[in-house]
Amino acid sequence: MKASELAAILGGDIEGVDVDLFACGGLEEARPGDLSFCKDAKHAALVETTRASAVLLPRGWKVPPSRLRAGAPFAVIRVDDPDRACMTAAEKFAPPEPERAPGVHPSAVVDPSVKIGRGVHVGPFTVIEKNAVIGDGAVVDAQVFVGEGCRVGAGTRIYPQVTLREGTVVGRDCIIHCGVRLGGDGYGFNNGRRPDGSVFIEKIPQLGIVEIGDGVEIGSNTTIDRARIGRTYIGPMTKIDNLVQIGHNVKVKGYSGLIAQSGVAGSTEIGYGCLIWAQAGISGHIKIADGVQVGPQAGVPQSLDGSMKYVIGAPAMSMRDLAAITLAPKMIAKLKAEIKEIKARMAEGARKR
Amino acid sequence: MKASELAAILGGDIEGVDVDLFACGGLEEARPGDLSFCKDAKHAALVETTRASAVLLPRGWKVPPSRLRAGAPFAVIRVDDPDRACMTAAEKFAPPEPERAPGVHPSAVVDPSVKIGRGVHVGPFTVIEKNAVIGDGAVVDAQVFVGEGCRVGAGTRIYPQVTLREGTVVGRDCIIHCGVRLGGDGYGFNNGRRPDGSVFIEKIPQLGIVEIGDGVEIGSNTTIDRARIGRTYIGPMTKIDNLVQIGHNVKVKGYSGLIAQSGVAGSTEIGYGCLIWAQAGISGHIKIADGVQVGPQAGVPQSLDGSMKYVIGAPAMSMRDLAAITLAPKMIAKLKAEIKEIKARMAEGARKR
Amino acid sequence: MKASELAAILGGDIEGVDVDLFACGGLEEARPGDLSFCKDAKHAALVETTRASAVLLPRGWKVPPSRLRAGAPFAVIRVDDPDRACMTAAEKFAPPEPERAPGVHPSAVVDPSVKIGRGVHVGPFTVIEKNAVIGDGAVVDAQVFVGEGCRVGAGTRIYPQVTLREGTVVGRDCIIHCGVRLGGDGYGFNNGRRPDGSVFIEKIPQLGIVEIGDGVEIGSNTTIDRARIGRTYIGPMTKIDNLVQIGHNVKVKGYSGLIAQSGVAGSTEIGYGCLIWAQAGISGHIKIADGVQVGPQAGVPQSLDGSMKYVIGAPAMSMRDLAAITLAPKMIAKLKAEIKEIKARMAEGARKR
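Chains as they are written, first to last, in my numbering: chain A, 87 to 439; chain B, 87 to 439; chain C, 87 to 439.
Extracted from the complex, chain A is given alone in its bound form (with noise of 0.2 Å):
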């Protein structure tokens, strides 16, 4: 896009050369063929070396680059809000939503059993089979496997390679990202050892299904376990990252968000709006309470009452009593010149008696 039309577009003035612009990047980041953006005099310095093609800077900003002077194909656009008008101008550089028309591919297998809503897409190489139910407007990516009787809600998005074990129901408007695994066998086994010393190792059956509420999203290769008896359930609202793990039977109430590389064991509940971090681990069997809030790589063993509103570490506990625990050495080392100086005093006054 021309700088110009974008100028247009956003009701700003160009100066310089009317560049093509492609992309959006920081000042930092920025390459020929970029639109950056600068709202803070502060940070002039970097409008004067990016290499973006064009820069977004405030009406009332006075200098203008050096670049610009010396006739550089380079151009500045003066906005009110450069803020906000790099927003706008993403919106035009980003790459279209593709197209998903209603109607199911020739490709697809599904069976004739299946409902299919109303201006429902399906992708090509897609399966889906018996008895499964598929909202009104919902849009089933490309080989994508919807298993027997899984109930798919309206409006609701699965992007390509998702599968949905058999059972599976996953609400309204809900989006599901690629490589999700619904539905999986939960870890259930019974191991011992028979009257003759042998050990044996048995699969427990995972006989439950994965529920998943209205207006979920999960993230890209993200593994939600069946039930070993009702429902693994994600309640509404709840906004799940990537490559996050969900045991069987846990309990999501809804409103909350897990963000990437956490793991939840099973029959867990996890409360309303809880924030788990990135990479924590949360242990089986137990209850976190609404709106609590576990740190980053944070392990919780057991249930949290709401009476610290933060966790971190392992075993979780309060910044404070991590903050401790870092600066034991610190706090020995000043204990042990303490030590010093009063056996030091000792030994003179001994000497002294």
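Check before you lean on any hint, since a few could be wrong.
Same chains, same label: a pair holds when it works inside one copy or across any pair of copies.
Stated by the list, open to error - In silico EDC-like cross-links for lysine to aspartate or glutamate, where the CA-CA straight-line distance does not exceed 16 Å:
id, residue 1, residue 2
1, K88, D106
2, K289, D300
3, K373, E355
4, K178, D106
It is worth saying that the hints were derived from the structure and are not from the lab.
Fit chains B and C to the supplied structure of chain A, relying on the hints for placement.
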């Protein structure tokens, strides 16, 4: 299913309304349409408040729930063993195991050189390349990729969207869940500087394979890399959870468990009967003795000879040693108080003299 | 392959029985049919006990294994450099690299607008959407999804079941392993309360792309999110292992390594030549200076300016500082003993006076 039908199956006696039942759920989680159960009088209050439409209770239980007395749409089924009856009921409510009839789906792309055993099922859009061998009764579900020369043992179940890179060997009666990646290249690079000072990073060819023993189960989206030379080996009856990473040339002897999101770096050996808990990490080129348990989030930098049966923390240590670190601030505060007291007494002594 | 054939290839001399060989393996791991090697007299005992059918030994090695003397089905191949000979043998035993002849598999769904270079291979059930560009000699394996407007550089290899969401750019000579997810939406939500007190959680549109530089390798099931605006950027020659998570707007300058299950949160910059070890976590909006190594399971909450070349622990610190914390209980015990001694001496002093 009608509560009365279920009662007949369970050999139980029904009281109250003959409600329709669709699923199982704990007393607290249950919803209308659910069957719940209680065997312990101390949870009697939950029987009063549960939203379940029916509850399994022991025959001896005297007081019926008040909802029963009130004539609500609610049933009690009295049985000898509510626990066991609930398991039986759960099997009735479970999504039916999808039928996988013998035969190769017409859409599958199977090389003519592939040897397919008796009773094998191959699902839609599955690719099986040259010289692969699929054992009797194996199920290779939809959208699976089986590379050149792979061997899949009899009775093994491969769920949708698994990839087996060339040469991978899977034993008999294994279960491979959705999104598992077997035989990816191990992480191996040579790097350094050329005589002219420029940096190079060269891929080390990964020439070996992955070999999975009999009776192994591998969870969703787990990755196991091919050996640099020889085999990455997962011994018989090993049970691996979701999102686990196994590096090249790792050897897991057998009868071990690796819980979700744990990782084992290259060339490490895990003994028989080990249990690696969630999110634990084990360094490369070390040995974990038979029967050792590595706790959740533990980091093991060195071999474990079995003198500690359970390790935790990073670097991994005994429970006792980790507790001592966690308690350090408390111990320090105590010593500080003692030193303060000593100083006070010394000052007093000096005054007196 | 016959041991004699292999000896001829390796320029070695065979002694003993001309056994059949199928694979390579270490002396301890090897099985019948395996070739092993030993170059160091201190491992001579293992040469006696190995189950391998043949062993590569240095020419100078005097004592032949007793199995050789006993006439067992066993061979010794004497070579100048057993290490190197083993590498050569491993190449002979390696599963053959699957042939990927130029051409588009008839089952692939490729939009007519897609530009496909010379010598490109596109596998079965692969989907390539509108306006994508595939460079000369690239291999796009089976069951891959390439979204609208994606660009894949010349010579790049994409293994089965990878997804590239719309707009993703991959450089030349990259290797993308099975199950990699490029261009998923970053994790970004606005939340708060409406005037009526109800909670809202709104998705922030993720308008940018993922751009992968030349010579990058990405391990199985790794996920890299699209930028909120602009690009998530993985610079040239970066080597990423399995199950790694890279957040939106991350910039990895290049020539760096990210080991398995590590994670980098949004908008963070990783310098040139960094090494992020397994399961490490790096917070968002920080910078890691060129050449810094982040140890396994480390958690980095703040920028690292390069004054520490290696950090470990959580929060990340120097090796020395982590060791001091680990040693705290020992130090405390020592101080406790000293205080006890001081008190005893004071009590004695008081008695004497």
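- Message: For K373 and E355, with the copy left unspecified, which applies at a CA distance of at most 16 Å: within, between, both, or neither?
- Response: Only inside one copy: K373 and E355 sit 5 Å apart there, 36 Å across copies, limit 16 Å.
- Message: With identical chains, the pair K88 and D106 could be close in the same copy or across copies; at 16 Å between alpha carbons, which is it: within, between, both, or neither?
- Response: Answer is within: at 5 Å inside a copy they meet the 16 Å cutoff, but 65 Å across does not.
- Alpha-carbon proximity between K178 and D106, which holds within one copy, between copies, both or neither at 16 Å: within (13 Å within a copy, 54 Å between copies)
- Between the shortest in-copy and the shortest cross-copy C-alpha distance, which are at most 16 Å for K289 and D300: within, between, both, or neither? Between copies only: 14 Å across, 32 Å inside.
When held up to the earlier numbered hints, the structure conflicts with none and fits them all.
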